[in-house]
Amino acid sequence: MSGRLRFARTPTGAVGLALLVVLVGVALLGPLFAPHPPDEPVGVPLTGPAEGAPFGTDFLGRDVLSRALWGGRSVLALAGLATLLAYAGGILVGLVAGYSRSLLDPLLMRAADVMLSFPAILFLLVLVTGAGTSKTVLVVGVALVQMPLVARIIRAATLEQSVRGFVEAAVARGESTAAILRREILPNILGPIMADAGLRFTYAIILVASVNFLGLGLQPPAADWALIISENRNGLTLNPYVILLPAALIGLLTIAVNLVGDSIARTLGISTARRRLVR
Amino acid sequence: MTEVAAPRAAARAARRRRPLLRFVVRRLAAAVATLFVVSILIFAGTEVLPGDAASAVLGRTATPEQLAEMQELMGLDRPAHERYLDWLGGVLTGDLGNSAAGYAAGGETPIWDDIAPRVGNSLVLAGVTALLMVPLALVLGVLAAVRAGRTVDHAISVGSLAIISLPEFIIGSLLILLFFSWLDVLPPVSLVPPGESALSRPEALVLPVLTLLGASLAASIRMVRAGMLEALNAEYVTMARLNGFRERVVVARYALRNALAPSVQVFAQNIQYLVGGIVVTEYLFSYPGLGKELVDAVAIRDVREVQSVALLVAGVYVLLNIVADVLVVLLVPKLRTQS
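Top to bottom, those sequences are chains A and B. Quick note: the first sequence uses the numbering used here, first residue 1, plus one each step. Quick note: the second sequence uses the numbering used here, first residue 1001, plus one each step.
There is no bait here: all hints are sound.
Facing chain B, a subset of chain A residues (Cβ under 8 angstroms, in silico):
no., residue
1, Phe118
2, Ile121
3, Leu122
4, Leu127
5, Val128
6, Thr129
7, Ser210
8, Phe213
9, Leu236
10, Ile250
Here are the simulated distance ranges between beta carbons:
no., chain 1, residue 1, chain 2, residue 2, range
11, B, Arg1078, A, Gly174, 48 to 58 angstroms
12, B, Gly1094, A, Leu29, 51 to 61 angstroms
13, A, Leu29, B, Leu1073, 49 to 59 angstroms
14, B, Arg1026, A, Leu29, 50 to 60 angstroms
15, B, Ser1286, A, Pro41, 20 to 30 angstroms
16, B, Arg1022, A, Arg110, 18 to 28 angstroms
17, B, Gly1094, A, Ala18, 48 to 58 angstroms
18, B, Gly1149, A, Gly165, 32 to 42 angstroms
19, B, Tyr1236, A, Asn188, 29 to 39 angstroms
20, B, Thr1093, A, Pro106, 29 to 39 angstroms
21, B, Pro1187, A, Asp39, 28 to 38 angstroms
To spell it out: a stretch of chain B is covered by chain A in this simulated footprint if at least three of its residues, at any positions, have a beta carbon under 8 angstroms from a beta carbon of chain A; those stretches are:
no., region
22, 1166-1173
23, 1277-1287
24, 1309-1320
Worth flagging that the hints you see were computed from the coordinates, not collected in a lab. Think of the CB as a built atom: it goes at the ideal place given N, C-alpha and C, for glycine as much as any other residue.
Bound-form chain A, shown alone (with noise of 0.2 angstroms):
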């Protein structure tokens, strides 16, 4: 097996990868296997299993195997979606703080700081407060949040690598400053990057479908794992599997995505214990 797959031998990258593998079918294809359309009333609303409905109906009498095959789309576009945005800015920023050796680099850190100075779902709550409840909003809110945490440890390995003796070889060269950060410097700091990855998308996950539990982000009639939770939850004595099926889905995946990111680490000889716990 080549070095890139080495994580899926272990025993909690096998079974995460194909937990991961399973999920992330059902969100992109299930669609295509729903047996109802996602916003049609099929039967008498909360009821349990049933004859065409085989997890029983929601609050509005839409079949919930269709509206949990439909609703993992969102929640896979929207935390993907931010976390490569958090990716983009957060890596520009890291490798213009750590090779500047200007000003900027305290100013960015300083900066990195105050975003982590409060809880995340605070941000995001105000940022909604003051721009209102959209999807550009969720995925733009829960990029940021995580930019501050990609772009210190994009930062702390630019710095180890700017002093190597290849990097002063290109500047010696007369290199331009945007070609040694891309040729030299980005090449060689993907392992931290890679590391991370797993843990920035697990909390993307996590912070997007918090929002829309809220009830702050996506909007009914929307069919979206988080929503299909959120707005049933009174109906749960009638037919639990309203809420049991989609709790199930966001947990197996969120729980696979880490199990593979830990195991990524772990093969890249990176400890996964002390990574702060940021929400």
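Keeping the supplied structure of chain A fixed, place chain B upon it in accordance with the hints.
Chain B only, in chain A's frame:
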């Protein structure tokens, strides 16, 4: 001149003799600066769309005249920097302003009256969770480290890694399904009547506490285990073993004592995390705390209340961070002479 200079020099000398005091003063100064920047961020973030607070109160049917009147009443017609200074001055003197919900009802309701009873409820929830988390994390973390590589360790490590990955509302929802839908022993909503302490309703506290405990305990266990493993591999532990001390003495007196200092930081971090986790947990259980109040305020876009509560929560968060740092410095003598 000399009368003034002498005490100053004495104070400086005293500070030099007490590096811990200097450390605390410096951290407090940094915290004040941070909170100042945070207050600007909160204000700017919530007032991206000026004047919106008034229309949120009146709804879409308001005439322009009504809107202008409400804006004047709420002070929204003044320039942003004036409103900011007004708000900050109010917060510093204990006046958080009036809630938009109060204006909507036709009167002026001070925000503090709304949140005062809820602050206590949130403190009870976070406090009980923290009190349970610390001993449990120590016991399970040490157990996993001492039995490293065996079944107990694998169970604790994999279990905590799984729980740490779960959002609070998933842990809480699954707990509700288990203890309410299936076993029918605990209520799915935690109603605490106004004027009553949450402590007088233990059955309402169990599930929210378990929910908050889940993620923070899992994270703490992992870090206590890592710290303990490091200590167990240290030379002084090998030395103690070679000296013939019993394993229990080695673990308790040598390894654990040295693993405690980093653990304190871990606990503080996770108690800090409770500040954020409490928002979702309170909303899930309709627990009448500060977090639920904040979400409700955001939902109706009560800008002034969101600003004040957010700054309050950020203040608690920053303060906890300082307490943690000071505790660590107290526990690790080496750090006292450095910096």
